Amino acid sequence: MAARGLEWEALYDTLRVSFRKALPALAIYGALTIAYLLFEAKSQLIASILFYALLGGAFNIFMGMTGYVDFGYVAFLAMGAYGMAIAFTYLPAAGPLTVLLGFAMGMILAAMLAGVVGGIALRLRGAYFAIATIGVNEGIRFLIEGGNLLGGSIGLYLAGRMREVLGEPGYIFAATTGADLILILQAFLTVFITALILSSRVGYALLAIREDEDAAKALGVNVTKYKLIAFTTSAILASLLGASFWALKGGYVEPARVFNIHYTVEAIIVVMLGGAGTLLGPLVGALIYQGSNFVLNTYVAPLLEAVGIHALGIHLPIFALVLLSVIILMPEGIVGYLRGRVKNRILREVLV
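Those letters in the sequence shown? Residues 35 to 386, per the numbering used here, in order.
A portion of the hints provided could be inaccurate.
[Said to hold, decoys possible] Here are the simulated SDA-like cross-link-like pairs (lysine to any residue), alpha carbons at most 25 Å apart as the crow flies:
id, residue 1, residue 2
1, Lys76, Phe222
2, Lys377, Ile352
3, Lys377, Pro58
4, Lys259, Ala161
Bear in mind the hints are in silico, worked out from the structure with no lab data behind them.
None of the values given here were measured: they were computed from a predicted structure.
Based on the sequences and whatever the hints tell you, model everything.
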């Protein structure tokens, strides 16, 4: 009984520390939620910021905490999108519960893929691991297209099925406000899970692996086990994002779109800008990345077009320079850089 009491006390302490670490990020997400509800004209900008914060947040659990770069990361978002598409296309009898069924199927597909890929590829390191994950992403894409599976290269169109299952008002809500509110719930979930990992023995093991994997293994850390935990957790959270933002909000699932490695590159940018392995990093990176994209494409690009300068995609070369500068000047990212130089104890606790 005494041992069980100590276990409950340790669990309570872990949850308490996790909540305290998560509080600053939760407060910012709360402010974004209020802004979304109050400023309808900017609601899609806020939703896109949430998308990139979640994209980076899920990716950060693996890359930020282990140092491994998964270039096939977008495949897990695709599994979530296809899970939702399968539910609406082939299992519509559940009615409105089809949405929950779609999320569950996406999570299962992502977890299965993470288990298979992680069990093999996580024995590799560095460039070998990165190349292997690219191969997995492209292999699944070409399997779907070449084998004409799940709609093949055309994909699955969900809007019609969603209207049939949810009704016209339900479809409109699910594809607009509903999908955005789900993103907000996912943001709170991702922050708390990240804080829980950072405050637990899993986080300490991952930190040891990131710093020196061979030394961690020599000290008795089961490196494959903990890497697989981070890999699978990241995959499941990514699948939720793909199911909500691509399937529900987008209304269709197409291989060329959902397996586009461009999203993995953007996840790397967001994490590296904000700070890999930090709790606030993905959120800060998303605010900077998507906020700057909005300003550049909405205000700067039209001015350049007016004087005859083609400015489509102007944010890409600019962010290449910004990311290079951050890597050179602040290799730990903006949050890590500030945390290392702030002397105030309260501010240091905020910059987690």
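Do the hints match the structure? See the list:
A distance of roughly 21 Å separates the Cα atoms of Lys76 and Phe222; the hinted pair therefore holds under the 25 Å criterion. Distance restraint check for Lys377 and Ile352: the Cα-Cα separation of roughly 32 Å exceeds the 25 Å cut-off, and the hinted pair is therefore not satisfied. Taking the CA atoms of Lys377 and Pro58, the gap is near 18 Å; set against the 25 Å cutoff, the hint holds. Of the supplied pair hints, the one linking Lys259 and Ala161 holds, its CA atoms being roughly 21 Å apart against a limit of 25 Å.
Hint check: a violation occurs at hint 2 only; the rest are consistent with the structure.
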